[in-house]
Amino acid sequence: MKNINTKTLPTWCPGCFNFQILAGVKNFLNKQIKNERDRENYAIVTGIGCASKIFDYVNLNGLNGLHGRVVPTCLGIKIGNPNLKVLGFAGDGDAYSEGVEHLVHACRYNSDFKYIVHNNQVFALTVGQPTAVSELGFVDKTTPAGVKINPLNPIKLVLASGATFVARVLADVKQVEWVLEEAAKHRGFAFIEVVQPCIIFHPDSDYKKHVYDLQESGHDKTDWKKAIERALEFDYNKLDDKTRIPMGIFYQKQEETFEEKFPALTRLKRAGKGWRDIKR
Amino acid sequence: MVKSILFGGKAGQGPNILTQLIGEALVKQGYYVFYSRDYQSLIRGGHNFNVISFSRFLINSNESKVDLIVALDEKTREIHKNELKNGGMIISGDGKDKDNMYFAGALYRVLGFDFKLLQEQLKKLRRFDENLKHAKEGFEKEARNIKINTCKLKNHKYFMNGSQGICGGAIKSGLDIYFAYPMTPATPLLFELAPKQEENNFLVLELESEIAVMNAALGASITGAKAMIGTSGGGFDLMTEALSMAGMAEIPIVCYLASRPGPSTGVATYSGQGDLQFARYSGHGEFNRVILAPGDAVECEELTSQAFYFSQKFKVPAIILSDKHLAESFYTSTLIPKITKSEKSTNLGRYNSYEHADSGEASEDAEIIKQGVERREKNKKEIEKEAEKFEMFKIHGNKNSRNVIVSYGSCKGAILDSIKDLDVKFIQVLYIEPFPVKIKSELENAKKLVLVENSATGMLGDVIREKTGVEIKDKILRYDGRAFTSDELKIEIKKKLK
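Chains A and B, in that order, are what the protein sequence lines are.
The first sequence: position 228 = 228 (the numbering used here), numbered continuously.
The second sequence: position 378 = 378 (the numbering used here), numbered continuously.
Think of the hints as simulated: they come from the structure by calculation, not from any bench.
Treat the hints with care, as some may be off.
[Stated by the list, open to error] Simulated crosslink set (DSBU-like; lysine-lysine; CA at most 30 Å straight-line): (1) 475(B) <-> 438(B); (2) 338(B) <-> 279(A); (3) 279(A) <-> 157(B); (4) 279(A) <-> 313(B); (5) 370(B) <-> 7(A); (6) 85(A) <-> 344(B); (7) 279(A) <-> 389(B); (8) 344(B) <-> 273(A); (9) 315(B) <-> 279(A); (10) 380(B) <-> 269(A); (11) 148(A) <-> 174(A); (12) 338(B) <-> 261(A); (13) 261(A) <-> 344(B); (14) 279(A) <-> 385(B); (15) 7(A) <-> 378(B); (16) 420(B) <-> 385(B); (17) 344(B) <-> 269(A); (18) 341(B) <-> 273(A); (19) 279(A) <-> 380(B); (20) 136(B) <-> 152(B); (21) 172(B) <-> 279(A).
Here the structure is a predicted model, which means the values were calculated and not measured.
Turn these sequences into a full structure, and let the hints guide you.
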């Protein structure tokens, strides 16, 4: 089996939920990657923030790129070589604050890469400022009067934008591994949000007490309207006794991918090549 | 003897097709032809005009006066009558709306060309029968004639604009993917590349923003694809964070930067050279780049191939500097562009926008930071050494003259045409980064030293001072969004040489 570890020691805080995500990702990859060739078929893209440190801990080719630009970078890699299996990792600041426009267009393009957003509802690496998904009333040193703007509901956003695979899981090794396997089976853009409380700046707000499993509840993931209804159940604001947070796959539909829409890319895919291999 | 024809009309009346048709006809007769376009940022109506200048000898610019005005509408006559030379002629519909092909026919009569050639030309356009009818009407109705010198048929290889040169250079360099977000005056390159994708097996993609364009291009580039982006100043602003990443992560990328005048949105459809320093300093931090500045369509093709060569060989961003005048003006040439072949250099590995160790992991270690910086500095020296193998500047005019004009880019044409009978040496700078410091001795030997530039400050002068220590005090600057005309420039040059 090919070792996908790097020599770099993680610099996440002790006990950080990112370790759960990393373990889930590695479990998934270890099943997929048997040899060097398998490893070379993968590419990893990250942005900037705590989440993106994962680049240093997973020995895959790719680019630790810019804050907010994970999505276009993944798209570029797929265009450069549609045979690569591309995983993009971003934080909520990286995905929903800076560069959120790319997410809307990624849903339209339906390029065949998987986008994993570690949502801790805070800018953690810059020591705790509110992001676009911090709840009303969230207080930090820069927002002493508390957040006054409603948080974005990313699940609602991506469903409205035409995403073909929409899921949300907790930062739990098993759930992450499971959702990556499901996403890998999906041909097209997969949006995966991982709810990952920040133990320093946005601690666990009892999410576990409020969550329920969409698949166990009998949710029909092929029904877009039902998916929207489920998405509206949780608005990322403060929890009360009645709050129920659906987890699992909200929606999945097989549609033509970005790569399938362009004959030049289809030819590369069929030949198992990238543009690198085109001699002129 | 240079003759000039101005074609004016409303956008939508088809002055461009008409100009192209007559331009090609003149080239077929053996003339050297140059034409420029003047249009506004609107789609229908307004006032557009193109000026063709043609001669038995090489010509690369327009003069301020014209011999013929082709007025597709009445407004053209009003706006341009003062530009008509004494004894000049106006061809119009006499108050009636005429099809643009009516004027093609009339011009064929005035120029004394064989109508059969026009018939051949019309076969390449849509609506042949209708066009032929209008052309015949114009040809029969027009009775006037102007004297033009007949000339021997030249072996013209090209009648193309700068955008077509960039396009040809990119395709011949093995372009795989061109990413862009539309922005004048870089958009004409999109128009050139897009229809040629299938035939040449490359891809043209328009993404949601310039930021997406640049990041996606770099993503494609790390897989080994030859990627290129194109934009104007405002769009390039949005790309500069990723440009800086290309510098840090050492990713090859070719950037086509077609300037427009002014800061901000500026003047969308006019010409200026105000982005020279921006091209040099765009993006934060210290990193390597190559900046090349072609001055005509053939150089566009050649320098584009050199941009691919340097970006691939040294894994750096290479910027091709252009502007509306270069991008949209048509040049005739008997030269075949020299293409520099480039090998694909990049393999998918671990790339990082953070300072990083060789293995790709981010690092804050002092030694690794130092190594990274020094690796890039070493690369810079190697780029400088390699560039010396190329023609980094050209000397035109009287090579022994001590009256020296210095310029770059699209000013080339007007300067060449204005110094034909002057005692002047013209140094055209093609490489902005790395800079040909060798020109220092040329500059120091000059008795008179004049900078010509389409900007308000004369930025090339600042670059020259920075790189060579030589200060150019005499400057001829134009910053009204229009390119220099050769006759007006000649007067300015003569004043400076007194």
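Assess, step by step, whether the Cα of residue 172(B) is no farther than 30 Å from the Cα of residue 279(A), and give holds or violated.
-> 12 Å, holds
Holds or violated: residue 344(B) to residue 269(A), with C-alpha atoms at most 30 Å apart | OK: residue 344(B) and residue 269(A) at ~20 Å, within 30 Å.
Assess, step by step, whether the Cα of residue 136(B) is no farther than 30 Å from the Cα of residue 152(B), and give holds or violated.
-> Holds - the C-alpha atoms of residue 152(B) and residue 136(B) are around 27 Å apart, at most 30 Å.
Quickly compare the C-alpha distance for residue 380(B) and residue 269(A) to 30 Å and report which way the hint goes.
-> At roughly 37 Å apart (the allowed maximum being 30 Å), residue 269(A) and residue 380(B) break the hint.
Regarding the pair residue 338(B) and residue 279(A), is the alpha-carbon distance no greater than 30 Å?
-> 20 Å, holds
Starting from residue 420(B), check that the Cα of residue 385(B) is at most 30 Å away, please.
-> The hint is violated at about 34 Å.
Quick one, are residue 341(B) and residue 273(A) close enough, alpha carbons at most 30 Å?
-> 22 Å, holds
Proposed proximity, residue 174(A) with residue 148(A) (alpha carbon, max 30 Å) = Status violated; Cα separation ~35 Å.
For the pair supplied as a hint, residue 279(A) and residue 157(B), confirm whether the alpha-carbon distance does not exceed 30 Å.
-> 27 Å, holds
Within 30 Å, alpha carbon to alpha carbon, are residue 370(B) and residue 7(A)?
-> Holds. Residue 370(B) to residue 7(A) sits at ~21 Å (cutoff 30 Å).
Holds or violated: residue 338(B) with residue 261(A), Cα cutoff 30 Å?
-> Between residue 338(B) and residue 261(A) the Cα gap is close to 36 Å, so the pair fails against 30 Å, i.e. violated.
Sort out whether residue 389(B) lies within 30 Å of residue 279(A), counting only the CA atoms.
-> 26 Å, holds
Consistency note: the structure conflicts with the earlier hints numbered 10, 11, 12 and 16.
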